[in-house]
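Trainee: Chains A and B are the protein sequences, given in the same order.
Start counting the first sequence at 1; every next residue gets the next number (this note's numbering).
Start counting the second sequence at 1; every next residue gets the next number (this note's numbering).
Hints are computed from structural coordinates only; laboratory data are not their basis.
If a hint is listed, it holds; no wrong ones were tucked in.
Within a straight-line C-alpha distance of at most 30 Å, the following computed DSBU-like cross-link-like pairs (lysine-lysine) qualify: (1) K265/B with K243/B; (2) K220/A with K255/A; (3) K99/A with K243/B; (4) K104/B with K210/B; (5) K265/B with K255/A; (6) K99/A with K265/B; (7) K104/B with K107/A.
Computed Cβ-Cβ distance ranges for the label pairs, DEER-style: (8) T258/B with G158/A: 31 to 37 Å; (9) R153/A with A78/B: 41 to 47 Å; (10) P256/A with P207/B: 44 to 50 Å; (11) K220/A with K265/B: 30 to 36 Å; (12) E223/B with R3/A: 52 to 58 Å; (13) D74/A with R206/B: 35 to 41 Å; (14) D65/B with D74/A: 33 to 39 Å; (15) G262/B with V111/A: 35 to 41 Å; (16) F250/A with P97/B: 32 to 38 Å; (17) G158/A with A51/B: 42 to 48 Å; (18) A133/B with N208/A: 36 to 42 Å; (19) R264/B with P236/A: 42 to 48 Å; (20) V111/A with K243/B: 34 to 40 Å.
Glycine residues also receive a C-beta, built at the ideal position from the N, C-alpha and C atoms.
If you want the building blocks of each chain, they are given just below.
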Amino acid sequence: MARLQGQVALVTGAAVGLGRGYAEALARAGCDVVLCDIRPEVVDTAAALRRHGVRAEGYVADVANPEDVRRVVDGVLTGFGRIDILIANAGTWRGGGAKDDLDKSLKDYEVLIGTNLKGVYLFGRAVIPVMLAQGGGQIINIATDHVHTHPGRPTAGGSGMDLYDISKWGVLGLTLTWAKALADHHIRVNSFSMGATDSHMLRGFHNNAPSPEEEARWMKPEAVCDLAMQLIAEGPAGRTGENIGVWVGFEIELKPVPAAKPEPAAA
Amino acid sequence: MAYLSGKTAIVTGAAQGLGQAFAERLAAEGAAVAICDIQPGVMAVGSAIAATGADVLCQTFDITDVSACRSFVAATTARFGRLDILVNNAAVWRSTPVTDPWDKALADFDAVMDVNVKAAMVMCRLAVPHMIAAGGGDIVNISTDYVLPKRRDGVNAPDTDLYNASKWALNGLTDGGAQALAPHNIRMNSLCMGPTDTEMLRALFRPGGKLAHLGGPDGPPPEVIAGFMDPADIAGLLIDLMKDGRTGENIGIWAGQTIELGPRKRWDVRMRERADFTGQPLRDFGPPPWSDAPEPVWSLAVGQPTE
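Isolated chain B, as found in the complex (with noise of 0.2 Å):
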């Protein structure tokens, strides 16, 4: 028997990318998914997995739309019976630089949190009724590498405020998460990973994009993919992931790195890493731990390339 037959697991922002490669691994391990995506392509997604004979169920919608969560969760519950996963991968990118319009100062805040933030919640306090009634759980929530300063300096960008204090914020989601139900089996991390090859990514790399200039009318050239990580990879983590049965944890991964679990981290340290780098000098973080890891040859905090 499949290692996940029985179950029922959501994944959010399903239409591509990692999302899709996360449904698509769930349903092969024999979970019944259910995905949804504001762009319509989610419907060719579920398709392709319900021809592989997975229980699908398929929902395009927007994911900041409260009543349509609620509907979406709903249904999912009736058609299958129980929630026993959820993975919170919807997200947006944004440019936000400092020195904004203040109309688009305002319009940015709404659009990047309501999507990386608030929906994660809502989606969250949907499903906990439902893995508190299947007798426990697993949610995961999509962040960056970039709030595991061990690696980086915390920040993904200076003119991306917004996505970076979204993916800081959802570590209070996982932290408090995970301490409130534990007694209930249900276990809460962030999977906190660098460039992955997605298409929130590609699109910088296309015209218009903030990396255009490295990029061409197809996107990336095929020399910065061959750095990006595969999705297929990491949702093989999110297996991993959920056998392994920790909670509280952000798990770093990291372009170059082998994609891996890692040992469990001390509970008192789980989420504090980033104190490691806080009094360090801004513009002098130095080398990563790991100073034999290849960095990307470029750079989305510059938009140029780096040495």
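With the rest of the complex left out, here is chain A (with noise of 0.2 Å):
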């Protein structure tokens, strides 16, 4: 079922796991994709989607990196002429916490929050001028579920993640920003706030080697990547500014947006 015919969307961080997922998902529904990552295999991943009979590219960039944005958005423009659809999924992991050495922390900050929340900044200023011209579109900015957990767990990472936990909520401002400065110009953005998913940072994280319980509870990429395409498929009139949560032992699935309330009765 190609739904999405006609319709380009830009993945970040699709060399491999979640946001090759991602951009699969996509492809099958016969949308136009284009990949970027660190990673070189990027161009591979990107020219495997073609059998999907779309059209596909990869680009090698760091989504810290303004120049790198610059040229994946312009050279989306150049070879596709639009984009309808951003999933900015580009995201690292380092450990640390408030106990660390300033020196460490400031290397793992560049890192942190040069990937995860100046990457999703970069690549949404750059392609939100170009919705805005088409007329409207969809952003989707993957968080964690550190910034909405299910309910009895508390917020963060623990102990020792505040310069990942730092970025991620600052990726939720941005969304909610985002969702109301575009509400009226067809533009969409929303974010997922995942639990433990099989996909390749949390892969490295349990040093590739997980223990077959760990990695049973993990969620399936494929059930987070379908959730993504039923929130697309909602359409220009779907929900924006949510941050959707994603939990491990929950239903994955995109709750009915509340009905609005009713105004109050005139005095």
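Can you join these two chains into the complex? Each is in its own frame, and there are hints to help.
Mentor: Here it is as structure tokens:
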């Protein structure tokens, strides 16, 4: 079912893992896809998606580097002429916390805020003018369940991830603001606050040797990618400004948007 | 003996407004205070506090200069022998519409994040070892009421994405830091306040400011100022917060409401109140739970007077 035919999607961090999953799901729906990643294999990942009969291109780019971001977005415009969907998925992880040495923290800050927050910001800021000119679009930013936990779980990734959490809370701030700023322009902005999903990053976190029990807990990337497709399928009238919790042990689903509250009765 | 005698406090961004009020109150409670600001006016603030008999150390530097932060903390501990309290107050506000040119967008990211987030992180990292050595401490980050969307929609204004993101980002610092430092008797909280009578806010009402159409050459008119909270009251709350001893909380302080700590929040809801709005239609956030609360007569969100 090719329901996104004629649309163009840009997915960051798409060489492997979840990013590749989003790109694959989009391509299967008939969407032309542009992938970028700091990993050179992104070019091959993109080439493999052409089997779905869509145009696909891969860019080797560091999302934290403004020149790289410009090159990718300008390249998409030259090659495809439009950008309908942006999935700002590129993210990285480093441990550390309040008792870290400052020099270590400064290095971690550059990497985590650079990739996870500045990368989202740069791609959003580069793509939003394009979407405004087109008259609409969709942006999905990928955050973490540390900033939107399932009921009963405290926020934060424990005591040793404050910089990672800073970057992801910042993403939430961007999502909320962009949604509000762009609501009248048919540009929808949402984020996923995702728990443990079988992704390249999480495998790396477990030294690429997770225990079978650990692995069995993880959410399947297919389910998360399907959720993204459902969100996109809502179309221009769909929800915006929502930070969608995607949690281990819970249904992976879009909750209905609550009905608007009635106007208070005039006195 | 005063509550804080023998203790040392650092307040950043203390040349005016809230930072000045925090420094004055901490000194009045008996603490030795080390204050800094990029604006030289901080020296006069320091002199005035010293004139009350308090111990003051005062430096003018840019808080984004990491080596200057290092030497400031080193000078503080060298002079006073310890560090117990850190108030991360220095912040900048910038209008950053999403349609800005690319070069401005790039410059704004660093300008806002380096002061509001990175400098707060740097000061925490520098202060923590001294607080551990002192047997405990208090870190207070200054945030905004928009990150407590129980009352707001989570957004300051649609054209301040970076400011909003920077204040949301502080949640990560407070939340993770509180958990990491609790075993060391160090508490970390955020004060999340609405419009307070500070220079940062008044400047918006002056010519060239975002709300200039509501103000005049002297800034906001008296009826608008009357709706602002008094920095001295917020500084009083800071003292209450330290006496209370809670950690890892966002303390909401809303104009028109009593300025008070409120009951301690449950451990699993300290930061996650924003989940309350998740899923609500964006443009129908609905009235705040305190519908008797007078809203400000102006709104940053649209820059126009509202009903």
